[in-house]
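Protein sequences appear in the order of chains L and W. Just so we're aligned: 345 in our numbering is position 345 of the first sequence, and the numbers increase by one with no gaps anywhere. Just so we're aligned: 266 in our numbering is position 266 of the second sequence, and the numbers increase by one with no gaps anywhere.
No wet-lab data here; the hints were simulated from the structure. Note that CB positions come from ideal geometry on N, CA and C, so glycine has one too. Only true hints are included.
Stretch by stretch, here's where chain L covers chain W in the computed footprint (C-beta under 8 Å, at least three residues):
{"#": "1", "segment": "56–65"}
{"#": "2", "segment": "148–155"}
{"#": "3", "segment": "273–284"}
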Amino acid sequence: MKSKISPAVLRGSALALAAALTLTACGGGGNDAGGAAPEEVSADDVQAALEEGGDLTIWAWEPTLEKVVEDFEAEHPNVNIDLVNAGTGNDQYTALQNAVAAGSGVPDVAQIEYFALPQFALAESVKDLTGYGAGDLADTFNPGPWSSVQAGEGIYGLPMDSGPMALYYNTEVFEKHGVEVPTTWDEYVEAARALHAADSSIYIANDTGDAGLTTSLIWQAGGQPYKVDGTDVTIDFSDEGSTKFAETWQQLLDEDLLSPITSWSDEWYQGLGNGTIATLATGAWMPGNFTSGVPAASGKWRAAPLPQWEEGGTASAENGGSSLTIPTASEKGALAYAFLDYANVGDGVQTRIDGGAFPATAAALESEEFLNAEFEYFGGQQANQIFAESARNVPEGWSYLPFQAYANSIFNDTAGQAYVSDTPLTEGLKSWQDASIKYGSEQGFTVSE
Amino acid sequence: MTTASPPPAALGTQPKPAKRAQKRTQKRSWSGWLFIGPFMAVFAVVFLAPIAYSIWLSFFRNQLVGGNGFVGLANYSQALQDSQFWSSLLRVTLFLAVQVPVMLLIALLVALALDSGRLYGKSFFRISIFLPYAVPAVVASLMWGFMYGTRFGLVGNINSALGINLPNPLSPDLILASIGNIVTWEFIGYNMLIFYSALRVIPKSLYEAAEIDGASQFRLVTAIKLPAIRGALVVAAIFSVIGSFQLFNEPAILQSLAPNSISTYFTPNLYAYSLSFSGQQYNYSATVAIIMGVITMVIAYAVQLRGMRKES
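Modelling step: build the complete structure from the supplied sequences, incorporating the hints.
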């Protein structure tokens, strides 16, 4: 290669560069929000669609749905379902938003977590199901998940599961070091110190900054940092609940009592298995993941009520939990609704409970069979009683932002800095608040502190 | 060193092999378009259209509340005042200033060593140094991510085996250097190959003449080899500049391992990506992409001018 490169070559590569850059910017445009009345689809229409059959594409990552889909197809041989795992959580939302923006490749049913649903509802990317008769299901579901699928007047999905929180702990670790299982967060900090002092490889928990956990614990503490009224949004992380959380967590951070491992990573599964992560505060949907992801620790873990912010309290919170929705672009609404009804109201509920999921229906939560089920993984513990109790004690009045998915994606940019530097957590939450306000304002919301 | 053919004329005005100059002036022939038509069609669709579409997008703003509207140059003025954008640009510039010279220097040394003919097992070294380039960047980042782990990774193993405490390569202070290490590892082979092929075509007679004159090996390198491969050096430098500004794969993969070290605006490309895919701000994302494209073009062009100056 002896020639100098010609300007044309350079121009070419520059163009190629620009083209490559712009590829990331494709899509977008055209979701003009028209406030159309919800579609009216009667039960007969749904029945007719079932008999006629057809193909359904479902985007979901919930593992227990596989069996539900199998059963549904067996019951309705004309229906052919393609169950696609398009990613977990945010990855799937990204794919869904892109499909909606592009106007093609949109699934007929999509799993959406409660915290992200308002965003899809606001953009009318998912159908309002009141016209399908979803309004009659109010008493079928528990109040928590049921209120989570509503936005304004509309019902934008059917609750699939819920995530009342519990504290999972490795009983072997606690027993070995003679530490009591904490019942308050102050005791939790004490336990963290005791365990880490006994063996420096043990941490009470892993945390590298998790928006979901943070908001759930603030929720439990009675905080209401988000207030949403249509497009008027208030974001304020200086209320009492948020402060309680920040002060307690700050102690854990200052003393390096939290393992710097990100949840769902390989190291995390290893840590849960080998006893270096002693507890995990999360939703009641976790047992299934324990069984499949940490088989080595079977029998070592137990569930306990979430530690309290005040001694003698009973407050809990929701963490995760998701609904099944029908994207607006789907042309198979009736058939899709038939599946939603089967999976979340009908026989699918029991199938999913058997698979280890935590239901959102009121009947299931009260059934003796459910409450008395023994979890082999938890050494035969009747853990559902703890979860059901937790589900009843979730403080009311919490709401997520209508752009929570984005807010969560920038949590580590802002509040996450408290986990790796001297920035106090309260300051981190403040900068998260500021960044969320900035984004909300840019998106046309009226945001105040 | 000879200069090869002059730059090809601009597209569309390529002179066909005219029999006579005067004949062309009499009647304008369109048959040339017939030949380049298929190319131009593809070129317009896959190169020009996306750029035009991005520019078009950048003049609008689509909000969750309020819908889509024309905003003129507002996105551009916002980007120029956007501290996150500038911090990402500063970061890749720093990356460029440190990583590219290191990488090119190592690649050059390796190429010279291979070309010297004094290396035993030359083809083995050549292929092993080139091999990392054949590993997809995503796989390479994952692999290095595991090695960087202080608990269960290579760094963790070294720590526990030797009883030392190495700094965490994924901490905010070191993450840029760690990414630089991955990129260097990936692209030394590629640049080495460019340099090596340029070295191979230097006429042997030059070396013989130099030896007769009593030149040392070092003189051979500085007086013959380096000037002769200047073109290749400039090409490699430009590719590296573009590559640095486009840094995306490595930080995007490592982000899940070190979420607090790699922000959503760590590099301009990552910023454009998160604006578009988690923030649904397609229009602003397009604006950032266009500004970055222009900046990259300007810098690449400056490198080219600087690199070629002495030659003409």
